[in-house]
Amino acid sequence: MTTGISGVPPAAHDTSRPTTALHDTSPVATLDGSAVSGRVCAWCQGPIPPRARRDAVCCSTRCRQARHRFGRTVGHAAPGGAVGCGRGIRLAYADPPYPGKAWLYRDHPDYAGEVDHAALIARLAGYDGWALSTSAAALPAVLALCPPGVRVAAWHRGERPTASRWPLSAWEPVLYRGGRPDDPSHPNTRIQTRRVDSLVHGIAPMTTLPGRVIGTKPAAFARWIFQLLGAAPGDSLDDLFPGSGAITRAWHAYTTPDPSHAAAHDTSPPPARTTDHPPTRWGRMQGAAS
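Terminal number for the sequence shown in the working numbering: 812, no gaps in between.
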């Protein structure tokens with residue numbers, strides 16, 4: 523679950539070679555671990571056109587903009603992370619077909635019928651922290667299978683535009699347990715957003731996401747899950763039901779160091795100002811008048 527998605531790192535420009543030789547055709551690892559010849563798009567995993575710029579990591583403007591919006595929403599973990607909190611921890615997130623809804627995924631290659639939630643929760647217990655998405659209707663049955671100490675968070679996604687004889691469900695529960703607690707004495711705690719167990723974020727079809735499936739979680743939801751569990755760079759996250767792979771994409775964006783942070787902490791002194799500048803036009807006029 524830790525395969526990078528940033529694509530091929532831009533190589534240094536070499537003007538000693540002709541333009542036709544600027545494109546590296548060596549095998550490149552894709553998101554699913556396979557290898558292809560040539561450069562692949564960091565968003566859709568398709569081939570980058572040979573005529574694209576040498577430092578291009580996306581195949582089109584559409585993919586580049588979608589990747590930028592997704593990464594900007596996910597953001598980056600606070601600097602320091604697991605280094606300041608001790609060892610890295612093992613985390614997991616599970617977003618299985620909700621009970622009674624598995625038939626919606628019968629065309630998915632990983633479809634195997636209804637999910638055994640008792641076995642799933644037993645598997646999650648082996649992690650230092652975990653989160654599990656389910657439906658409001660299935661919450662009582664799923665919660666009864668969980669060990670003591672499980673908490674319930676709420677994602678207020680809004681109602682779906684459909685007719686119903688009963689009140690429409692406008693939220694989804696997330697069961698979570700463990701993770702990393704905040705240390706109030708740690709300097710990073712003062713700059714982190716407070717962790718809350720409720721998220722208000724509407725949903726819209728992510729038409730630009732490759733392999734999108736029913737129930738794909740948005741980038742803001744992924745960031746919220748990471749914060750619920752106290753995730754930090756140096757931790758590991760297993761997405762047990764990857765589906766479209768959005769959570770894995772978000773995890774790599776979240777744990778990648780923010781390049782702007784290094785620039786903000788550059789303590790090099792500014793250039794010294796000198797007084798030997800040539801006189802201005804006004805200064806020359808004053809000198810002539812005296």
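Keep in mind that the hints were calculated from the coordinates and are not lab data.
Only a predicted model underlies this, so the values are computations on that prediction, with no experimental measurement involved.
A couple of the hints might just be wrong.
[Said to hold, decoys possible] Simulated DEER-style distance windows between Cβ atoms:
| id | residue 1 | residue 2 | range |
| --- | --- | --- | --- |
| 1 | 682 | 640 | 23 to 31 Å |
| 2 | 666 | 634 | 17 to 25 Å |
| 3 | 666 | 730 | 22 to 30 Å |
| 4 | 591 | 569 | 30 to 38 Å |
| 5 | 705 | 571 | 45 to 53 Å |
| 6 | 779 | 609 | 17 to 25 Å |
| 7 | 693 | 666 | 30 to 38 Å |
| 8 | 609 | 729 | 36 to 44 Å |
Idealized CB from N, CA, C, for every residue including glycine.
Structure-based check of each hint:
1. Range check, residue 682 to residue 640: about 29 Å between beta-carbon atoms, so the 23 to 31 Å window is met.
2. Residue 666 and residue 634 have their C-beta atoms about 23 Å apart, which keeps the hinted 17 to 25 Å range intact.
3. The hinted range of 22 to 30 Å is not satisfied by residue 666 and residue 730, whose Cβ atoms lie roughly 39 Å apart.
4. For residue 591 and residue 569, the Cβ-Cβ distance of about 22 Å falls outside the hinted range of 30 to 38 Å, so the restraint is violated.
5. Remark: the range hint 45 to 53 Å for residue 705 to residue 571 is upheld by a beta-carbon distance near 48 Å.
6. For the pair residue 779 and residue 609, the supplied restraint of 17 to 25 Å holds, since their beta-carbon distance comes to about 19 Å.
7. Separated by about 20 Å at the C-beta atoms, residue 693 and residue 666 break the suggested range of 30 to 38 Å.
8. Taken as a hint, the range 36 to 44 Å holds for the pair residue 609 and residue 729, whose Cβ atoms sit roughly 40 Å apart.
In the structure shown, a violation is registered for the earlier hints numbered 3, 4 and 7, in ascending order.
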